[in-house]
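Chemist: Use the sequences and the hints to build the structure in full.
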Amino acid sequence: MTFLSKAASIAAVGLSLIGAPVLAEGFPDRPLEFVAGYGPGGGHDTMLRTMARLMEQEDIVDVPINVVNKEGGSSAVAMGYLNARKGSPYHLMSITSSHIATPLTSNIGLNYADFTPIARIGIDPELLVVNASKGFESLEDLKAEGRMLNVGGTATGSIEHIVTMQLAEKTGMELNFIPFQGDGEVVTALLSNQIDFAITNPGPVSDYLSSDKFKALAISTEERVDSLPDVPTFVEQGADIKISLFRGLTAAPGISDEERDELIAMVTKLFETEAWQKEYIEPNAVVPLVVTGQDFADYLGETEAVYRETLGELGMISN
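Counting from 1, position 152 in the sequence shown corresponds to residue 152 in the numbering used here; the numbering is continuous, with no gaps.
Hints listed in this document are in silico derivations from the structure and should not be mistaken for laboratory results.
Possibly wrong hints are sitting among the right ones.
Stated by the list, open to error - Calculated lysine-lysine pairs in the DSS-like style (CA-CA distance at most 27 angstroms, straight line): (1) K213 - K242; (2) K242 - K143; (3) K278 - K213; (4) K134 - K170; (5) K143 - K213; (6) K86 - K269; (7) K70 - K86; (8) K134 - K213.
Modeler: Shown next, in the form of structure tokens:
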């Protein structure tokens with residue numbers, strides 16, 4: 001059994017414990033809107049557009065689903081947009097580490113607890129990726145450059161930033177983190193050698209790894225993963241970095257428990273389909289560890305505590 005199939009089995013067990021809620025008759029009865037906090041082509045956008053397409057394809061909903069990109073401010077713009085839809089169960093937003101980090105590092109007047117947690121879809125490992133034309137083969141090759149290296153990632157205070165700071169601390173490398181508005185911009189910068197390497201999750205770079213335009217030098221899991229067997233862990237290379245990105249969904253504030261449960265039922269039905277596994281989970285190397293509702297809210301609270309401590313050590317907490 002492969003790494004991902006093991007994870008899928010775990011996810012299936014978790015889903016069976018949810019109690020298989022049933023969609024309320026008549027919901028949704030008007031178009032849904034999925035909100036991406038980053039630009040087209042990035043991880044948020046890809047996830048939501050795949051969700052929208054498969055929900056219609058698998059007859060989970062019979063209303064249109066519109067995906068809108070509200071980029072800017074490391075998801076702060078999207079959070080403000082969703083907050084303005086208070087009480088509406090017809091709006092869902094994709095969330096990752098920036099949903100926790102941005103409120104900690106910027107005074108935006110909102111935080112994760114202001115919204116309605118729906119589901120964690122799974123976790124993504126972080127990769128250190130270089131342009132293959134540079135000829136780097138390992139962390140040691142990067143260290144041997146003996147100069148400040150420019151590192152691309154999405155947003156100040158993001159998980160990519162945290163991994164970059166940990167890498168600098170644990171290896172003695174001099175690193176300059178450059179935040180971009182989305183994964184697509186990071187990929188473009190690496191393709192054009194505007195940066196020396198990127199810290200990213202597998203999804204946005206999978207095609208470039210397959211075509212040998214990019215090379216992954218390290219992965220942030222404790223052990224190698226079957227989907228990327230040739231990529232050594234940071235730990236193997238002497239850098240104790242084991243932190244992953246979560247992917248999830250949150251709804252607008254102020255919706256009822258019944259409406260929250262209807263949204264959970266809707267996305268749970270999608271997560272149980274073979275199409276979701278084949279067309280999103282596997283191609284994007286996501287480990288599908290699903291939690292929903294209050295369990296997801298508890299997870300976000302625990303994650304926020306970790307980020308608060310780590311970002312505090314970096315002097316990045318704004319409140």
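Chemist: Hint by hint, note whether the structure agrees.
Modeler: Here is what the structure says about each hint:
no.	hint	verdict
1	K213 - K242	holds (26 angstroms)
2	K242 - K143	holds (20 angstroms)
3	K278 - K213	holds (24 angstroms)
4	K134 - K170	holds (23 angstroms)
5	K143 - K213	holds (21 angstroms)
6	K86 - K269	holds (25 angstroms)
7	K70 - K86	holds (17 angstroms)
8	K134 - K213	holds (10 angstroms)
When held up to the earlier numbered hints, the structure conflicts with none and fits them all.
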